[in-house]
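**Q** Sequence:
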Amino acid sequence: MNHDNTAINWPPCVKSFTPVQTNINREDLPRILKKAYMEKNIPEHEWIIPIRPVSELGTCTTDLFKECPNLPEHYLDMDDRYRAKMGKYYWYDMEVKDGAGAFYPLRLVYNTGDADCNDGFWGAYWDLTTGELVAHIKSTGDCETTIEIVSRSFLTRYKEYKKWIPESFDENYMIFSPFVYAKNLEIEIVLGMGIRLSFIFRQRNDKAFYREYGYPNVVT
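Per our numbering, the very first residue in the sequence shown carries number 2; after that it's consecutive.
By construction, these hints were calculated from the structure, which means they are not laboratory data. Just so we're clear, the structure is a prediction, and the values are computed from it rather than from any experiment. Here a beta-carbon is modelled for each residue, glycine too, at the ideal position from N, C-alpha and C. Hints are not guaranteed to be accurate.
Below 27 Å or equal to it, Euclidean Cα-Cα: the simulated DSSO-like pairs (lysine-lysine) are [as the list claims (entries may be wrong)]:
1. Lys35 <-> Lys160
2. Lys98 <-> Lys164
3. Lys67 <-> Lys160
4. Lys41 <-> Lys86
5. Lys164 <-> Lys16
6. Lys184 <-> Lys160
7. Lys164 <-> Lys35
8. Lys160 <-> Lys16
9. Lys184 <-> Lys208
10. Lys163 <-> Lys36
11. Lys41 <-> Lys184
12. Lys67 <-> Lys98
13. Lys163 <-> Lys86
14. Lys163 <-> Lys184
15. Lys208 <-> Lys89
16. Lys35 <-> Lys163
17. Lys208 <-> Lys35
18. Lys67 <-> Lys86
19. Lys67 <-> Lys164
Taking CB as the label site, the calculated pair distances span [claimed, not checked]:
20. Asp207 <-> His75: 40 to 48 Å
21. Asn206 <-> Glu172: 15 to 23 Å
22. Glu161 <-> Asn206: 31 to 39 Å
23. Arg153 <-> Glu68: 34 to 42 Å
24. Asn24 <-> Asp80: 35 to 43 Å
25. Gln204 <-> Arg27: 18 to 26 Å
26. Thr131 <-> Glu161: 42 to 50 Å
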């Protein structure tokens, strides 16, 4: 995937990134998903991996992407000096696989916000092929994050699995806290999973965390 896709007007900070390929294969099952499937006694032949991080692009401070969709209102009038100290954007190229076996390259950006402001995450997903905005990621309450699919064309193309997919995890980390799914659609659950899996890859240098939740076939 081209991290400098000129079809989309990315902020200047993207051009300075040095992407890291994740080397996560389409068949690599992260331990967090295996644990979730096993806890629900889901037969192994029904385990699915609907999304994976392909490339970790980089990070930028909140002041460098003021045009981000869904930037919370309390950041809009904030001076850049303060905005730069609050939260951070994380950029990834992702790949979604649908129930019919089709693959979709997406770009994900999200900001984890500031704990003192009780922010949830905010950001968006875009289609890397067309540049279309696919989904909103919104900070919608007290540390609450909402995923909302907005692309009708993506919804038309995406074929559901119609199988159980983990949407929340009983783990003692904020990243595993429940998300809100605006339309209660399978694809929103998948995109929420993508945020979690990108976070897990980002924590790959935390050996204890990664051994418990990460990708066993990806050497860190």
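**Q** In this structure, is the beta-carbon distance linking Thr131 and Glu161 contained in 42 to 50 Å?
**A** Given about 21 Å between the Cβ atoms, the range is violated.
**Q** Given the proposed pairing of Lys184 with Lys160, does the C-alpha separation stay at or below 27 Å?
**A** Given pair Lys184, Lys160 holds - Cα atoms ~16 Å apart, limit 27 Å.
**Q** Could you grab the alpha-carbon distance between Lys35 and Lys160 and see if it respects the 27 Å cut-off?
**A** Holds, because 23 Å separates the two Cα atoms, which is no more than 27 Å.
**Q** Are the Cα positions of Lys164 and Lys16 separated by 27 Å at most?
**A** Roughly 39 Å separates the two Cα atoms, so the pair is violated.
**Q** Would you check the hint for Lys163 and Lys36, treating anything up to 27 Å between C-alpha atoms as holding?
**A** holds (20 Å)
**Q** Just tell me: holds or violated, for the beta carbon distance of Gln204 and Arg27 against 18 to 26 Å?
**A** holds (21 Å)
**Q** Between Lys163 and Lys184, does the CA-CA distance stay at or below 27 Å?
**A** holds (16 Å)
**Q** Given the hint that Lys41 pairs with Lys184, test it: the Cα-Cα distance must not exceed 27 Å.
**A** holds (24 Å)
**Q** Is it true that the CA of Lys67 sits at most 27 Å from the CA of Lys98?
**A** Status violated; Cα separation ~31 Å.
**Q** Is 34 to 42 Å respected by the C-beta to C-beta distance linking Arg153 and Glu68?
**A** violated (23 Å)
**Q** Does Lys16 sit within 27 Å of Lys160, going by the straight-line distance between their CA atoms?
**A** violated (33 Å)
**Q** Tell me if the straight-line CA distance from Lys208 to Lys35 falls inside 27 Å.
**A** Holds: Lys208 and Lys35 sit about 18 Å apart, inside 27 Å.
The structure fails hints 3, 4, 5, 8, 9, 12, 13, 19, 20, 23 and 26 (numbered hints given earlier, in ascending order).
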